[in-house]
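Keeping their order, the protein sequence lines are chains A and B. Heads up: the first sequence begins at 145 in my numbering, then just goes up one per residue. Heads up: the second sequence begins at 29 in my numbering, then just goes up one per residue.
Because the hints were derived from the structure by calculation, they are not lab data. Among the hints, a few may not be true.
[As the list claims (entries may be wrong)] Below, computed lysine-lysine pairings styled on DSSO-like, alpha-carbon distance capped at 30 Å:
{"hint": "1", "chain 1": "B", "residue 1": "Lys101", "chain 2": "B", "residue 2": "Lys83"}
{"hint": "2", "chain 1": "B", "residue 1": "Lys101", "chain 2": "A", "residue 2": "Lys157"}
{"hint": "3", "chain 1": "B", "residue 1": "Lys83", "chain 2": "B", "residue 2": "Lys98"}
{"hint": "4", "chain 1": "B", "residue 1": "Lys101", "chain 2": "B", "residue 2": "Lys141"}
{"hint": "5", "chain 1": "A", "residue 1": "Lys157", "chain 2": "A", "residue 2": "Lys170"}
{"hint": "6", "chain 1": "B", "residue 1": "Lys83", "chain 2": "A", "residue 2": "Lys170"}
As a plain string of letters, each chain reads:
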Amino acid sequence: DAGVTQSPTHLIKTRGQQVTLRCSPKSGHDTVSWYQQALGQGPQFIFQYYEEEERQRGNFPDRFSGHQFPNYSSELNVNALLLGDSALYLCASSPGGSWDYGYTFGSGTRLTVV
Amino acid sequence: AQTVTQSQPEMSVQEAETVTLSCTYDTSESDYYLFWYKQPPSRQMILVIRQEAYKQQNATENRFSVNFQKAAKSFSLKISDSQLGDAAMYFCAYRSTTSGTYKYIFGTGTRLKVLA
């Protein structure tokens with residue numbers, strides 16, 4: 145049973161460029177959340193997608209956008225990259241429902257902006 | 029707004045010994061979830077243990093147990109019989125049960141070193 149799959153694993157971009165990160169959730173999970181983890185910090189919530197809609201957003205600028213597809217996979221897009229966007233981007237999936245049994249995380253995409 | 033604090037940036041433990049990692053949080057809510065996640069060098073965050081705030085009983089998962097003190101807003105993780113594979117970053121996380129709130133709030137982490 146495949147867990148959460150993220151691609152690519154590493155990425156180097158130039159300031160001002162745009163980037164798309166991809167995530168396939170664990171089988172049976174329909175909810176996808178994205179987190180940004182700066183070096184030496186805990187993950188920070190970007191947004192969560194459920195039923196193809198963004199249902200909660202963290203304190204991130206509009207340069208960060210996302211999408212969820214009918215098969216529950218998700219993309220995170222970041223426009224006009226800044227040096228400060230360099231971080232590990234984590235995707236986490238979970239099943240829908242009232243109870244929270246915790247996320248299943250992917251191994252992340254390491255984004256470096258130069 | 030809720031906050032999560034992990035005041036120990038780094039801890040060390042001898043193999044086979046017991047270690048306790050601290051976590052405190054601030055909230056005005058009465059019902060919420062608390063989690064401990066482990067992040068090894070592979071970067072993948074792995075769920076270690078979860079606690080529902082309305083449950084008085086402390087959660088346990090094999091060698092991992094928590095000491096949940098709701099009034100003190102404390103949620104420490106005890107690792108018994110430490111193994112080399114336990115070496116990792118450990119993050120404490122909080123999640124509100126307020127309708128429309130789904131995000132986890134993470135602490136800054138504690139790096140655990142296990143000495144052979």
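Consistency of the hints with the structure:
Restraint check for B/Lys101 and B/Lys83: satisfied, since their Cα atoms lie roughly 14 Å apart, inside the 30 Å limit. Distance restraint check for B/Lys101 and A/Lys157: the Cα-Cα separation of roughly 42 Å exceeds the 30 Å cut-off, and the hinted pair is therefore not satisfied. Taking the CA atoms of B/Lys83 and B/Lys98, the gap is near 10 Å; set against the 30 Å cutoff, the hint holds. Between B/Lys101 and B/Lys141 the alpha-carbon distance is near 26 Å, which keeps this suggested pair within the 30 Å criterion.
A threshold of 30 Å between alpha carbons decides the hint, and for A/Lys157 with A/Lys170 the separation of about 28 Å falls inside it, so the pair holds. Between B/Lys83 and A/Lys170 the CA atoms are separated by roughly 28 Å; this keeps the pair inside 30 Å, and the hint holds.
Consistency with the previously given hints fails for number 2 only.
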